[in-house]
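Enquirer: So the chains spell out like this:
There are 2 protein chains.
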Amino acid sequence: MAAGRVFEINVDLVKERAKCNFDIREITHILDGGETNTIQRKKIEDATLNDGQSRDVIPEEYLGPKEKYENAVRKSCVYAKISKDELMNMTGLELLGFTSPVFRRIADAYFKEVSPFLLHVGMFIPTIMGQCTPEQQAHWLPRALAFEIAGTYAQTELGHGTFIRGLETTATYDPQTEEFVLHSPTLSSYKWWAGGLGKTMNHCIVVAQLYTKGVCHGVHPFIVQIRDEETHMPLSGIVVGEVGPKMGYNTGDNGFLGFKHYRIPRDNMMMKNAQVLKDGTYVKVARHAKLTYGTMVFVRVMLVNEMAFNLAKAVTIAIRYSAVRRQSQPRPNQPEPQVLDYLTQQHKLFISIATAHALQFTSDWLWKTFTSVLADMRDGKTDTLPELHALSSCLKAICTSDCGTFIEICRFACGGHGYMASSNLPMIYSFVSATRTYEGDYTVLLLQTARFLVKAWEQMEEGKPVTPTLAYLSRASEGVKESWDSSNEGIIRAFQRVAAGKISGCVSCIRHHQKTGKDFEDAWELTTLQLVAAAEAHCRAVICSTYYNETIRLTASSSTNVKAVMEQLCTLYLLYWSLERTGELLRYTSLSENDLFGLQQRYEKLLALIRPNAVGLVDAFDLRDEILNSTLGAYDGRVYERLMEEALKSPLNAEPVNSSFHKYIKPFMQGKL
Amino acid sequence: MAAGRVFEINVDLVKERAKCNFDIREITHILDGGETNTIQRKKIEDATLNDGQSRDVIPEEYLGPKEKYENAVRKSCVYAKISKDELMNMTGLELLGFTSPVFRRIADAYFKEVSPFLLHVGMFIPTIMGQCTPEQQAHWLPRALAFEIAGTYAQTELGHGTFIRGLETTATYDPQTEEFVLHSPTLSSYKWWAGGLGKTMNHCIVVAQLYTKGVCHGVHPFIVQIRDEETHMPLSGIVVGEVGPKMGYNTGDNGFLGFKHYRIPRDNMMMKNAQVLKDGTYVKVARHAKLTYGTMVFVRVMLVNEMAFNLAKAVTIAIRYSAVRRQSQPRPNQPEPQVLDYLTQQHKLFISIATAHALQFTSDWLWKTFTSVLADMRDGKTDTLPELHALSSCLKAICTSDCGTFIEICRFACGGHGYMASSNLPMIYSFVSATRTYEGDYTVLLLQTARFLVKAWEQMEEGKPVTPTLAYLSRASEGVKESWDSSNEGIIRAFQRVAAGKISGCVSCIRHHQKTGKDFEDAWELTTLQLVAAAEAHCRAVICSTYYNETIRLTASSSTNVKAVMEQLCTLYLLYWSLERTGELLRYTSLSENDLFGLQQRYEKLLALIRPNAVGLVDAFDLRDEILNSTLGAYDGRVYERLMEEALKSPLNAEPVNSSFHKYIKPFMQGKL
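Protein chains in written order, with the numbering used here: chain A, 1 to 673; chain B, 1 to 673.
The hints are simulated quantities; they were obtained by calculation from the structure and are not laboratory data.
Treat the numbers as computed from the prediction; the structure is a model and nothing was measured.
Heads up, a few of these hints could be off.
For identical chains, the list gives no copy identity; a pair is met inside one copy or between any two copies.
Below are the DSS-like pairs computed for lysine-lysine, each with C-alpha atoms no more than 25 Å apart in a straight line [unchecked claim]: (1) Lys515 x Lys605; (2) Lys68 x Lys649; (3) Lys348 x Lys605; (4) Lys260 x Lys213; (5) Lys260 x Lys649; (6) Lys68 x Lys663; (7) Lys81 x Lys672; (8) Lys649 x Lys66; (9) Lys81 x Lys666; (10) Lys68 x Lys672; (11) Lys481 x Lys464; (12) Lys605 x Lys518; (13) Lys68 x Lys666; (14) Lys19 x Lys213; (15) Lys66 x Lys666.
Just chain A, with the same shape it has in the complex (with noise of 0.2 Å):
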């Protein structure tokens, strides 16, 4: 609930919460992996929030972009220090989760758009910890936690994104002085796009091209300072800036950078996998080179979590509003109904808390398997990081997209005030709009998916095991269609046999494009159309059968009634994907249409089952007001004061008539302009 004044909350609100027959937090307690965590989460919500520091005066959007980076700085300071502490106790793992569930939460308070430190706590530091030697973490990381250097991460280049051995920035190696020279040798080689470069961090690691006694070795990593710690002027051979504004992340001062045959000490290399030796010598670590796949795993892990609590934000958002807002008459001499009554609107918002849910449980799942696989990484294992790697990335890609889509759906089902900057979801939608895209781009990750499924597919053919995420293949070797069952474990089967049959389909194709003379690469890129939708099916596979797996382990000692809704909430979402995926379960399975009716019909009435436990549901994701920033979402209900109390705190509304009227509008209607 929100600090401050407490109003009197909505009438339709208060019924609708006392309808709802769980207990809320035993589903929050679900949801944050535990009571023991909820009570933590809590207790850090209240120290960082009820004092109110992170509310603005002035909202954000009513300032300029240069006012709005000032304020956010102003921000990140305060934040930074409450979490500074909380930083300085963590080590490995567990600092890797600073940017979990709890501290993310919390920045969302602070930041309507985003933290400029963000990348140096997200990235310049697990960086640090992943691609240093012992020796090298020794000398950065204290200065780092400890925010007296600030960095961030410079990969992608103007004219360089996901094909990272095409980026043109060269660090050359010169035994003489023993130090790299850094040089941006096109326009299109400058970096771009690195959160808080542009104007607030004062180191950087840059990928660049290393080159040594003449020869290139691909892309390394280097830390580079790039601003005097004093002065903040960038340093002589610098050129950095910020890249202009974009539809979201606008408080994060992405940047520019290029480098005009810029030295940094030898040891500036992060050489924990690779080293170049004083005279110049290059030296491969022994390691196996899937090592270096860990971050990025991680980092999609994080970001699968990070969907599941923007989608529930935004549905939270949208079913508080939807019982507030009322609307048309069915029949004469009746209240308009609540828009929550009518079975379109449930079916535009429901699947999204049920989405929530899925994402939630399986990112955390996903978080156990991949320490998991850590773990064997440490004893020398490393078979399990393809399977993982495969699956976070399809992970990645469905999850990104599947939030975008639902959250636009969320905000559409708001109407015209869903367009209101102040309901908050436009925001959120540009903050999730672009994960689709960073670190990995949605085609490109689900072809890599694809390309682990055609090999799993060609193992299974030569009698080799298969992982187990993919066990289900041998099922489908034969073409049959699989007999449908619309129990929730026959629907996951029907969905792993569309995405079986999807492979077999892809790898039927490649082979015949082969037949014709084609290569193989040929013969992949003619396939990719396909082999992307296989992907897409073998990833909704996962994520049934997680979601499903995972309700019933994490709700096997709730209550009855909890038990009974987080079902309904899994069954839902396998419905709604097979009534969305009609033409696959139809190719694919002996679905019939008496089936289909009666999935229509099942779907229909569990609408109506949860209707009563909507406001319940979305008041178990327990986000704060300050977290969720929004006219139409707040715990009150108070929809239509809110949206006037923001209105008039808009510049333009501060004076009657604006300056512009005696100066252009006036004279223009006189015919004197």
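Since the structure of chain A is already known, use the hints to place chain B on it.
Expert: Same frame as chain A, now just chain B:
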């Protein structure tokens, strides 16, 4: 091409243009509706844009909201002055056509978002023409056309949108003074949204519940002066202000408006369709009630046209960028391919070229239908109006939705750079995504169309004739699957069969619910998910057949290659939607697994055929750089140069160190904050 300095054109674009196998002017003429129109359009564009007055020295994004508004007012006056003479020379339909392609294109060069004056010409003047008596028109129209007064249109309230009967603002007639008393009884009755209302306009058409002699006669429109013409101060009894920031339209000063027993003369009621006499007697003018649909239909026709235009902008940007951008290295020692060469990229983009054509042709066809319905109405025939209304409803819904979806796909296809404001893609999306909601929400409009479809089905059952767009219903009433036929005509028949099947299914479902004791309205509500789907299917069938028929008609005398590429695009559209709607086609036609395989193959071959003409096809939209406003989409393809040039305009780049370093960052880093 851009005014001013002329740069070298990107070599890849030069090559692409050389590859194009048709005369792009031929397609431009088709899209403009004939060569004469093209010449006229270019003449106006040259006259209004060549002087560079439309360009901002400082891009709007770098201004705060207040400065942004003031700058837009300045440009509005320049723009309005230019267009005023044109306006004065137009009458009737021609004047309605003021917001037609030519002027809208030019407005886009002036306003990245929107002119504060937009609703003066877009709603105020047309409503005076549609809702006033000739005497009232004689009073208001000359002043409005001469811009002596500026007005907007306020219908939506904070608490009431789509359901107009629910509006709360009252207009109570006082026979003593022969005035109406306007009043806002609640906060939720405040008018909300009207463009230009916040600070710009001095008049406003207000829709309010009319009370006279103690009886409410429902909502009626009134012309209300809200500000003093000399001082621009809000008049006493008027509460007016700006609603604050939105996802887009931020230069449009959308406003709120409340009345405190505010009096206007009796004559200010717009009396074409109903009158209140001096003594307070309410007189309904004997006129078909459906006539009031006129303006709504007109606005929707215009919106479909506007969608085509915005999608053309987005895909022009995305295709040109995809020709310049290079990525990956499928085989060693080869240069990185243009991303336009990837099948996945072609799949994302070419459908948008086809859709822009489809919507342009559909909107032109709808406009013709509309004008012929208007002619019918003048002759007293109104029986064609329900069909037109149903058509315009679903077309508005589907076109705004399709365009939003495809514009986002265009944006995502530009990777990270599509997220830059300077690409203009975020703004185009923000703009278009509003149209899904305003002037009739997506779901509400489709349900309106569904009412018409269900009624038509019942008429057909009774043996009555059905309207032309629903002739297909009769073919499907037997309930047998349509025999699949992969020709264009066959695919169109299949989509009609799907629509008929869905409408039939809805009727069965409603009757089923009625048999279980529900009344019609409850049965209807329980069927709304299927009803929305049926209306979607009907609309898709209409677009498919219209696009196909118009393509044949419009290219009848075209050169061979133009005919070929236009037909390829049309077939691409039909195949794209067949593959998207596999489930429906499998349910309602005899489509087999083999047919599906064939469709996929033909679709992919078409992508390859269109590929060499892709840049030519977007060049044929003939969108000047001033109108595209995009670093990625400019005619010369100087993508990276433009991105950097725009970035350098950022106010944050005006000084090497931002003041917030000294104020916050440094003290914080030194532990002194």
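Enquirer: Next, verify each hint and record whether it holds.
Expert: Here is how each hint holds up against the structure:
With identical chains, the CA atoms of lysine 515 and lysine 605 are at most 25 Å apart between copies only, with a shortest distance of 18 Å across copies and 51 Å within one. Within a single copy, lysine 68 and lysine 649 get their C-alpha atoms as close as 16 Å, and across copies as close as 16 Å, so both meet the 25 Å cut-off. For a Cα distance limit of 25 Å, the shortest separation of lysine 348 from lysine 605 inside one copy, 15 Å, qualifies, whereas the shortest one across copies, 36 Å, does not. For a Cα distance limit of 25 Å, the shortest separation of lysine 260 from lysine 213 inside one copy, 20 Å, qualifies, whereas the shortest one across copies, 83 Å, does not.
Within a single copy, lysine 260 and lysine 649 get their C-alpha atoms only as close as 46 Å, which misses the 25 Å cut-off; across copies the closest is 22 Å, which meets it. For the homomeric pair lysine 68 and lysine 663, the shortest alpha-carbon distance between copies (15 Å) is at most 25 Å, but the shortest distance inside one copy (28 Å) is not. When the C-alpha separation of lysine 81 and lysine 672 is checked against a cutoff of 25 Å, the pair qualifies only between copies, where the shortest distance is 11 Å, while the shortest distance within a copy is 57 Å. Taking identical chains as interchangeable, the C-alpha atoms of lysine 649 and lysine 66 lie at most 25 Å apart whether they share a chain (19 Å) or sit on different chains (12 Å).
For the identical chains of this complex, lysine 81 and lysine 666 are inter-copy neighbours only, at 13 Å across copies versus 52 Å inside a copy, given an alpha-carbon limit of 25 Å. For the homomeric pair lysine 68 and lysine 672, the shortest alpha-carbon distance between copies (23 Å) is at most 25 Å, but the shortest distance inside one copy (38 Å) is not. Taking the closest pair of Cα atoms, lysine 481 and lysine 464 come within 25 Å of each other only inside a single copy of the chain (24 Å); across copies the shortest separation is 44 Å, beyond that limit. In this homomeric assembly, lysine 605 and lysine 518 come within 25 Å of each other (Cα to Cα) only across copies, at 16 Å, whereas the closest approach inside a single copy is 52 Å.
In this assembly of identical chains, the alpha carbons of lysine 68 and lysine 666 lie at most 25 Å apart only when taken from different copies (19 Å versus 32 Å within one copy). For a Cα distance limit of 25 Å, the shortest separation of lysine 19 from lysine 213 qualifies neither inside one copy, at 74 Å, nor across copies, at 44 Å. Within a single copy, lysine 66 and lysine 666 get their C-alpha atoms only as close as 31 Å, which misses the 25 Å cut-off; across copies the closest is 18 Å, which meets it.
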